[in-house]
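Trainee: With this note's numbering applied, the sequence shown covers 849 to 1307.
Honestly, the hints are just simulated from the structure, not real lab data.
You may find that some hints are simply not true.
Straight line, CA to CA, 30 Å or less: simulated DSSO-like cross-link-like pairs of lysine-lysine [to be verified]:
no.	residue 1	residue 2
1	Lys873	Lys1067
2	Lys1223	Lys851
3	Lys1272	Lys1223
4	Lys923	Lys947
5	Lys1268	Lys1208
6	Lys933	Lys1087
7	Lys1067	Lys1089
8	Lys1008	Lys933
9	Lys1206	Lys1246
10	Lys1028	Lys1188
11	Lys1223	Lys1212
12	Lys983	Lys1089
13	Lys1067	Lys1028
14	Lys1188	Lys1212
15	Lys1223	Lys1208
16	Lys1223	Lys859
17	Lys923	Lys965
18	Lys1008	Lys1272
19	Lys1045	Lys1067
20	Lys947	Lys983
21	Lys1212	Lys1246
22	Lys965	Lys933
23	Lys923	Lys1067
24	Lys933	Lys947
25	Lys1008	Lys983
26	Lys923	Lys873
27	Lys859	Lys1188
28	Lys1089	Lys1045
29	Lys947	Lys965
30	Lys873	Lys1223
31	Lys1089	Lys1188
32	Lys1212	Lys1268
33	Lys947	Lys851
34	Lys1188	Lys1067
35	Lys1008	Lys1028
Label pairs and their calculated CB-CB ranges [claimed, not checked]:
no.	residue 1	residue 2	range
36	Asp1265	Arg1069	34 to 44 Å
37	Val858	Leu1286	21 to 31 Å
38	Leu1286	Thr1164	30 to 40 Å
39	Gly953	His1097	37 to 47 Å
40	Pro857	Leu1286	27 to 37 Å
All C-beta atoms, glycine included, are put in the ideal place defined by N, C-alpha and C.
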Amino acid sequence: MNKFGIEVPVKHLPELDPGFLPLGKFYTAFLRDAHQPLHLAVERAGGEISVYHTFIHGTPEREEADRYFVDRIIKTLLWTKGGFKVYISGSRNMSEAMKQIYCPGGAREFDADFMAKVYERPFEVVHCEHLPVEKNSPQAVGRHLSGCRIGFDAGGSDRKVSAVIDGEPVFSEEVVWYPKTTADPEYHYEGIVSALKSAAEHLPRVDAVGVSSAGVYVKNRTMVASLFLQVPPDAFEAKVKDIYIRAIHDTFGDIPYAVANDGDVSALAGAMSLEENNILGIAMGTSEAVGYVDENGNITGWLNELAFSPVDGSDTAMVDEWSGDIGCGVKYFSQDAVIKLAPAAGINLSADLSPAQKLKEVQKLMETPGSPAEKIYRSIGVYLAHSLALYHHFYGFKHVLLLGRVMSGRGGDLILDTCKSVLKDEYPAIARQINPTLPDEKARRVGQSVAAASLPELN
849 MNKFGIEVPV
859 KHLPELDPGF
869 LPLGKFYTAF
879 LRDAHQPLHL
889 AVERAGGEIS
899 VYHTFIHGTP
909 EREEADRYFV
919 DRIIKTLLWT
929 KGGFKVYISG
939 SRNMSEAMKQ
949 IYCPGGAREF
959 DADFMAKVYE
969 RPFEVVHCEH
979 LPVEKNSPQA
989 VGRHLSGCRI
999 GFDAGGSDRK
1009 VSAVIDGEPV
1019 FSEEVVWYPK
1029 TTADPEYHYE
1039 GIVSALKSAA
1049 EHLPRVDAVG
1059 VSSAGVYVKN
1069 RTMVASLFLQ
1079 VPPDAFEAKV
1089 KDIYIRAIHD
1099 TFGDIPYAVA
1109 NDGDVSALAG
1119 AMSLEENNIL
1129 GIAMGTSEAV
1139 GYVDENGNIT
1149 GWLNELAFSP
1159 VDGSDTAMVD
1169 EWSGDIGCGV
1179 KYFSQDAVIK
1189 LAPAAGINLS
1199 ADLSPAQKLK
1209 EVQKLMETPG
1219 SPAEKIYRSI
1229 GVYLAHSLAL
1239 YHHFYGFKHV
1249 LLLGRVMSGR
1259 GGDLILDTCK
1269 SVLKDEYPAI
1279 ARQINPTLPD
1289 EKARRVGQSV
1299 AAASLPELN
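Construct the entire structure; sequences and hints are all you get.
Mentor: As structure tokens, this is what we get:
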């Protein structure tokens, strides 16, 4: 029973976090006796619309639960699909309530402000009698292997670049850099150009450049990205929004290029490696990076920032420092999850260690069978099973590719095994539909670089 008096039956809970309340399970319980239709839509760039139909109770006794439910659904739609405008039909009272939440000073001020920056439009919630019609424009991106190409992958701790000829990498280089702690955008620009020139030295010519980068990109432009966290707003606007476009043009002139979110490129790499489509890629590292390739092998243009999408309905869920919200994916599927659960497993990690170093300490413990660290990875496996069932509701994917430092070694195997076991027992219908997997050696060796290099189509 939760604070709304709604009974939520759950068979499997994380042993180190028994207060975890799978949000998908809460939704199912909430909807059992909710019969008043409510219709939602979110609008993003290019007039694209995603529509969602559901129900609320519409009674005074369930008013608080109704507001909580609609807030969580809207937040999920925003961080999965993206949008600067929310349409609500079916309840004017609910429309007014959401306007007070998604506004300056409201509980979801961060979300509204973030979306306004991404789409360069004021964020708004509007009531309407009839929703706009669903409109999506998925694009066939990548899988172009012919020619001499460069694939650049900009990560938070290192940058990788590869020279690729007709789909085969002939050179790869990985360089440590510090983009998240550097305020001068010239540092980032020079690092990008240096990587491009390094790869070009190993090609007879450069036909195209593909970029995989953490952050949100619209029409190859940087809208929001943690890589440039310290860059002042005026410098970001002047020198970062078009940083990849400038770097490529300044180095090679007018050649084809494409810039995509690293999560989408990871999913594309998985699709190319597995020779399958309808893939959700989840990289558990510094944060939770997600990408999606649809059933036709296309990238959808959705936001896929599931680090900020809620998965836990518990009142005591951990706060995400950036958004100020609780129960969001970043605290369940990243190194933060490992660090969060360590004390409950009886593992004390020095405060002097960086988050990455703390993860390495736990991974060292996992080398010993029977280590208390196993409880951490089993708990994450339970989180993952419940959350994949929730994600499946919004995506309908068939394959799940699990990547990132958290999924490496014995810990990753234990997460996957636990996840599959819980899915089979608690969500048998979904377990028969989806296939969570780790990347094979081919994907690990060349997948990301080749996928990034394959993004642009030659003229």
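Trainee: Can you list which hints this structure breaks, lowest number first?
Mentor: Per hint list: 1, 8, 9, 18, 21, 25, 31, 34 violated.
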